[in-house]
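Enquirer: Turn these sequences into a full structure, and let the hints guide you.
Line by line, the protein sequences give chains U and C. If you number the first sequence the way the numbering used here does, the last residue is 1803 and the count never jumps. If you number the second sequence the way the numbering used here does, the last residue is 1803 and the count never jumps.
Simulated from the structure, these hints should not be mistaken for lab results. Just so it is clear, the structure is predicted and the values come from calculations on it, not from any experiment. For glycine and all other residues, C-beta sits at the position ideal for the given N, C-alpha and C. One or more hints might be untrue.
Some chain U residues judged to face chain C by a derived CB distance under 8 Å, without partners named [stated by the list, open to error]:
#1 Pro1504
#2 Leu1507
#3 Met1511
#4 Ile1526
#5 Arg1536
#6 Leu1549
#7 Leu1551
#8 Asn1553
#9 Lys1571
#10 Gln1572
#11 Leu1717
#12 Tyr1720
#13 Asp1743
#14 Leu1747
#15 Ala1748
#16 Pro1750
Just some of the chain U residues that point at chain C, by a computed CB distance under 8 Å [as the list claims (entries may be wrong)]:
#17 Tyr1502
#18 Glu1506
#19 Ala1508
#20 Gln1527
#21 Gln1533
#22 Ile1550
#23 Leu1569
#24 Gln1724
There are 2 protein chains.
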Amino acid sequence: MGKASTVRREVTVGDVAREANVSKATAARALGDYGAVSDDMRERVHSAAERLGYRPNELARTMSTGRSHTIGMIVGDIQNPFFAQATRGAADVINAAGFDLILSNSDETAHSERKAISVQLAKQVDGLLVAPASSLDASSLAAVTEAGRPLVLFDRTVADLAVDAVIASNRTGAFELTRLLTSAGHRRIAFLSTLQHDGDYRPGEVLLSSSVADRVAGFEKAIALAGAEGTAIIRLGAPRDDVERVAAELLTGSEPATAIVASDSLIALSVYRVAQSLGLQIPRDLSLVTFDDADWTALAGPGITVIAQPIHAIGAEAARILLRRIAGDGSEPVLRVLDQTLIERGSVAPPRSST
Amino acid sequence: MGKASTVRREVTVGDVAREANVSKATAARALGDYGAVSDDMRERVHSAAERLGYRPNELARTMSTGRSHTIGMIVGDIQNPFFAQATRGAADVINAAGFDLILSNSDETAHSERKAISVQLAKQVDGLLVAPASSLDASSLAAVTEAGRPLVLFDRTVADLAVDAVIASNRTGAFELTRLLTSAGHRRIAFLSTLQHDGDYRPGEVLLSSSVADRVAGFEKAIALAGAEGTAIIRLGAPRDDVERVAAELLTGSEPATAIVASDSLIALSVYRVAQSLGLQIPRDLSLVTFDDADWTALAGPGITVIAQPIHAIGAEAARILLRRIAGDGSEPVLRVLDQTLIERGSVAPPRSST
DNA sequence: ATGAAAGCGCTAACAT
DNA sequence: ATGTTAGCGCTTTCAT
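Expert: Structure below.
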């Protein structure tokens, strides 16, 4: 009893050809559905294939054609609901087109991103979908275009990189969100983000993530309009696993923030938790608004007012553009900006001290 | 000006060999880091490769070795936090081992699952990780083992399929959860699941998902222990996008349930919403417990009591086993059952009518 | 319409 | 240690 029987070699085009008594070329043509094959030939080949249990080897096919029908996708972290949704959006259009998806997490580090890109290129993906870890440094992404493979960015853009990108109207969204706060009378408003950052934010500074940069810009505009530059605060670099601490800092002390704009729903959740543990009631003691219409925002206390991004659509649209590029579309790179929509719930009220 | 310059052919081992003035075999050995190569040869080859910007073609490598260093993963829906976490767990160990992940969503249908499996096998994945859409029908999965590729299941098992699987202690978990309810005095307890199902559940019936089946079993055991068979109710087949309606049915009428066991956190969220809109206060008017320690469960009202599954670990462990199989481990299939842990919060209280 | 043979980029015997 | 030569399974000229 050897293990020989279990190592059953794969059935190849050659085997099918022999079984059908035709040439390898004819069998390949019939099986691959290309070239010219007469009806009875096709029939003969297919039944032979059926009999033998033939399964095409997609890799061999890729070797000769150069197209893998696989696209690579690099997200920050698939556990982040934002990325999970965007991935689903992309997967839906990609699969519908008969393509497959290779997924990697970058954890928002240039190092992992670079590695993932390298691996995926080596696997001959037909194109890449990436949420770049850095909007400033295009070096890791350069490998993609150098390899001649189309690349489309989503959620953020990269300076000096002429590629397609689909993002949301973050600037406008942040503006609307913040405006709600200033209109309610808030002045000590904090913008809170986990975007990797050392030390304090300096006005005018260029940020690592274009989407956060856009949000900050929208925030600043609303703040300026309210003349609250002196009291507003932009806090970046909160560690993902310790947002609570930073939020607590913001909410305590001699001049605590009376309102917070959270840069994403995960951050908002942390803020919400801290507010609860500090005995702060929303919106009475704290107004809270955030990006992304996470499931919990509707049920938390009075409901959190949010700016909803069309996340699924962002992923889907990015995939659509990529597929078009792969198909040979050589037109100028496009920047698609999808609208965000404000969903007002009950988490905004005038600051307590002002009433 | 043609586009010829942009179509730059890939640099191959042959090119590097020529540049380094060595044979193709030597270049390949140096580049592929196998066989025996002298130090200066290796040096010469690598610098030539560097000069030319050589990038190995992983596919060609796969063609000759038969190993793609790619593993396929099929989940129900990557947007479901459970699957997102399990995917991350698997991705972490897979990437650490130098493998890549091809991801597909089955939407819990046998059809999509079958298709995804077929595509992934064609892409020569070294093995598959799947949360089977059906625990009863092994036919779509049979293709995997027939192709001689290792398969490991996660979250659910499949009857009559001798493969590895890693699941959670659903039966025990459901028992504990339900026990909390019966101990508090509840009798009209409902178990609510979205598991595809026609009509009413009949006791003893075999279910499509082993994990739900296990949960139901645990539920039934606790119910029997409390002698509440007559008043407990098992409601399956709630449509994912309309759980609210089913929950509302359970919560209204002449004999509404006083407690609900939700089969996952998405369902629990719907129940929570319905309770809110019905003006039902948790736990005063309704006791609610669920599987999975979703982020919102800690902050919803009094906090929801849950059974937490080690989701990340489920994915990671499944990947670990798969990798071992790929490496040649031919031992008997294992069934790994990971413990669930009860997290008591404030969503359980005696039924209102009984006090 | 069909067949014979070359080739995709790599690895793996088999020499030397 | 290095080189030569076959393949891997498919597609793609090029003949016929």
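Enquirer: Take the hints in turn and mark each one as holding or not.
Expert: The hints, checked one at a time:
{"no.": "1", "hint": "Pro1504", "verdict": "holds (6 Å)"}
{"no.": "2", "hint": "Leu1507", "verdict": "holds (5 Å)"}
{"no.": "3", "hint": "Met1511", "verdict": "holds (6 Å)"}
{"no.": "4", "hint": "Ile1526", "verdict": "holds (5 Å)"}
{"no.": "5", "hint": "Arg1536", "verdict": "holds (5 Å)"}
{"no.": "6", "hint": "Leu1549", "verdict": "holds (6 Å)"}
{"no.": "7", "hint": "Leu1551", "verdict": "holds (5 Å)"}
{"no.": "8", "hint": "Asn1553", "verdict": "holds (6 Å)"}
{"no.": "9", "hint": "Lys1571", "verdict": "holds (5 Å)"}
{"no.": "10", "hint": "Gln1572", "verdict": "holds (5 Å)"}
{"no.": "11", "hint": "Leu1717", "verdict": "holds (6 Å)"}
{"no.": "12", "hint": "Tyr1720", "verdict": "holds (6 Å)"}
{"no.": "13", "hint": "Asp1743", "verdict": "holds (6 Å)"}
{"no.": "14", "hint": "Leu1747", "verdict": "holds (6 Å)"}
{"no.": "15", "hint": "Ala1748", "verdict": "holds (6 Å)"}
{"no.": "16", "hint": "Pro1750", "verdict": "violated (11 Å)"}
{"no.": "17", "hint": "Tyr1502", "verdict": "violated (11 Å)"}
{"no.": "18", "hint": "Glu1506", "verdict": "holds (4 Å)"}
{"no.": "19", "hint": "Ala1508", "verdict": "holds (6 Å)"}
{"no.": "20", "hint": "Gln1527", "verdict": "holds (5 Å)"}
{"no.": "21", "hint": "Gln1533", "verdict": "holds (6 Å)"}
{"no.": "22", "hint": "Ile1550", "verdict": "holds (5 Å)"}
{"no.": "23", "hint": "Leu1569", "verdict": "holds (7 Å)"}
{"no.": "24", "hint": "Gln1724", "verdict": "holds (6 Å)"}
Comparing the model with each earlier hint shows violations of hints 16, 17; every other hint is respected.
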